Amino acid sequence: MVDATDNDLVDAARSGDRDAMERLLRRHHARIWAISRRIVGNDADAADATQESLLAVVRGLPRFDGRSAFTTWLYRVVTNTCLDELRRRSRRPRPVDVLPEASHRDPDVADQMAIDAALETLSPEFRAAVVLRDVVGLDYAAIAEILEIPPGTVRSRIARGRAGLAVELGGNFGGGEQRQSLEP
Amino acid sequence: MNMPDDSLDELASAYLDNELSASERADAEANPQVMRRAELFEATRRLVAQPVDEPSPERRERAIAAAMASMEAQVIPLKGRDRRIRWQLGAGVGAAAVVIGLLVAIVASSNSSDDSSSSNAATAIVTVSEPATGSAAPSGSSKSTQAASQAPSPEAATATAGSDAGGAADSRDSGAATASTAAPTAATPQPFGSSTPPNIGQYSDATSLGQATQTLTASAASPQACEGQVLAELTWDGQPAQLVERTDNTRVVVAPDCFVLAFVDRPVPTTAP
Numbered sequence: 001m002v003d004a005t006d007n008d009l010v011d012a013a014r015s016g017d018r019d020a021m022e023r024l025l026r027r028h029h030a031r032i033w034a035i036s037r038r039i040v041g042n043d044a045d046a047a048d049a050t051q052e053s054l055l056a057v058v059r060g061l062p063r064f065d066g067r068s069a070f071t072t073w074l075y076r077v078v079t080n081t082c083l084d085e086l087r088r089r090s091r092r093p094r095p096v097d098v099l100p101e102a103s104h105r106d107p108d109v110a111d112q113m114a115i116d117a118a119l120e121t122l123s124p125e126f127r128a129a130v131v132l133r134d135v136v137g138l139d140y141a142a143i144a145e146i147l148e149i150p151p152g153t154v155r156s157r158i159a160r161g162r163a164g165l166a167v168e169l170g171g172n173f174g175g176g177e178q179r180q181s182l183e184p
Numbered sequence: 185m186n187m188p189d190d191s192l193d194e195l196a197s198a199y200l201d202n203e204l205s206a207s208e209r210a211d212a213e214a215n216p217q218v219m220r221r222a223e224l225f226e227a228t229r230r231l232v233a234q235p236v237d238e239p240s241p242e243r244r245e246r247a248i249a250a251a252m253a254s255m256e257a258q259v260i261p262l263k264g265r266d267r268r269i270r271w272q273l274g275a276g277v278g279a280a281a282v283v284i285g286l287l288v289a290i291v292a293s294s295n296s297s298d299d300s301s302s303s304n305a306a307t308a309i310v311t312v313s314e315p316a317t318g319s320a321a322p323s324g325s326s327k328s329t330q331a332a333s334q335a336p337s338p339e340a341a342t343a344t345a346g347s348d349a350g351g352a353a354d355s356r357d358s359g360a361a362t363a364s365t366a367a368p369t370a371a372t373p374q375p376f377g378s379s380t381p382p383n384i385g386q387y388s389d390a391t392s393l394g395q396a397t398q399t400l401t402a403s404a405a406s407p408q409a410c411e412g413q414v415l416a417e418l419t420w421d422g423q424p425a426q427l428v429e430r431t432d433n434t435r436v437v438v439a440p441d442c443f444v445l446a447f448v449d450r451p452v453p454t455t456a457p
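Protein chains in written order, with my numbering: chain A, 1 to 184; chain B, 185 to 457.
Hint data in this document are derived by calculation from the structure and do not stem from the laboratory. A few of these clues could be false.
Reference listing, derived: stretches of chain A covered by chain B, where coverage requires no fewer than 3 residues with Cβ under 8 Å from a Cβ of chain B [said to hold, decoys possible]:
1. 29-37
2. 73-86
3. 160-166
Fair warning: this is a prediction, and the values are worked out from it, not measured in the lab. Using N, Cα and C, we set each Cβ at its ideal position, and we do this for glycine too.
With the hints as constraints, model all of the structure from the sequences given.
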């Protein structure tokens with residue numbers, strides 16, 4: 001199964017094929033990590049969320065009924081896991097990533113920190129919608145299916161999320177936007 | 185054209201994502217405010233879409249290995265659960281067989297009380313053996329160690345009648361009640377009336393006895409389980425078994441090796457109803 005599709009691997013994994021399951025996890029690990037990293041905002045929590053997502057995939061795959069695309073189901077698992085992680089984090093002290101001192105930061109690191117900080121100002125629901133659109137590149141219909149909300153709500157959340165990011169990231173691209181409330 | 189900020193932002197954002205209809209798109213492109221917002225959002229989009237740092241290979245391998253380990257761990261309890269489900273299913277089917285057998289026996293014994301020439305012993309599902317004294321639930325008698333005879337065909341869910349079966353005019357007095365598999369009124373609760381088999385005890389009808397049967401979630405073979413009086417030979421999950429009234433006045437369904445398969449949850453009364 002060199003060129004096996006996701007569906008091929010899902011079918012094989014559901015019937016107990018360990019190799020297929022492992023290939024499925026490896027194939028999607030980078031995307032799972034990227035979504036987690038952007039939603040939860042730091043490496044330590046992203047590692048936890050990624051780990052939990054992989055476990056959820058392994059445990060939940062037998063119940064995946066194939067009515068939606070595997071990736072839709074996968075992104076729903078990852079998003080929900082990240083939102084759970086954020087809820088848990090709100091009840092405990094936050095881990096802090098080890099960062100280089102400000103004078104030694106390269107521009108990319110500074111950008112990443114600014115993006116993390118800006119995303120963190122958004123509510124988790126807005127953040128998830130923006131990440132699924134801008135990091136994964138999903139269309140509104142797919143995001144609606146993943147988040148189980150109407151497409152109109154997706155459109156609104158992404159727009160308000162971007163407006164909030166524009167305010168927070170204004171200094172990064174020369175803007176001067178006014179802050180506004182971003183609670184849903 | 186003045187638009188509320190939210191509407192303007194939605195239009196600009198959806199424009200950027202190519203999620204507008206043709207007419208909306210035309211409206212957006214004709215509105216400089218929308219175009220400025222779209223430009224701003226494009227800049228934020230580029231930043232958010234920047235690739236994140238990959239986790240270290242060690243971290244990635246640990247995560248995948250842990251997930252794969254959970255796949256292995258998952259297999260064991262699932263198998264165990266399947267076994268439990270199979271056992272419970274088997275026990276449930278067996279319990280149902282006991283209940284149906286008793287129902288049929290009761291109905292048939294009621295019918296046969298007026299028919300002293302009952303000749304259907306060969307097709308009986310359950311034989312209810314009356315104690316030698318003829319009284320309800322006597323204590324101290326012991327279980328016969330072997331079934332009087334065993335079912336020649338488990339698929340037919342039958343057990344042949346005991347040695348004293350088939351010749352009684354009245355099951356209360358005769359010592360045996362035999363049942364036909366074709367009893368048409370088995371589904372309807374039948375009052376025992378005067379033909380109540382003595383070992384049925386306090387149950388006023390077949391339904392109440394059926395409701396009293398419960399399966400065990402766990403059991404073990406025990407010599408004590410077999411001590412008591414055999415009330416009926418029956419087929420349990422395709423295997424011969426016996427309904428035994430134990431010396432503590434409880435009733436159990438036991439396999440030939442004394443493994444308890446089911447309980448009848450009410451104590452057996454010491455007097456006939």
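Please count how many residues of the region 73-86 of chain A have a CB within 8 Å of a CB from chain B and say whether that reaches 3.
-> violated (count 0)
According to a criterion of three or more residues whose C-beta lies within less than 8 Å of a C-beta of chain B, is the region 29-37 of chain A covered?
-> holds (count 5)
Count the residues of the region 160-166 of chain A whose CB lies closer than 8 Å to any CB of chain B, then report whether that count reaches three.
-> Satisfied; 5 residues make the cut.
Hint compliance for this structure: hint 2 alone is broken.
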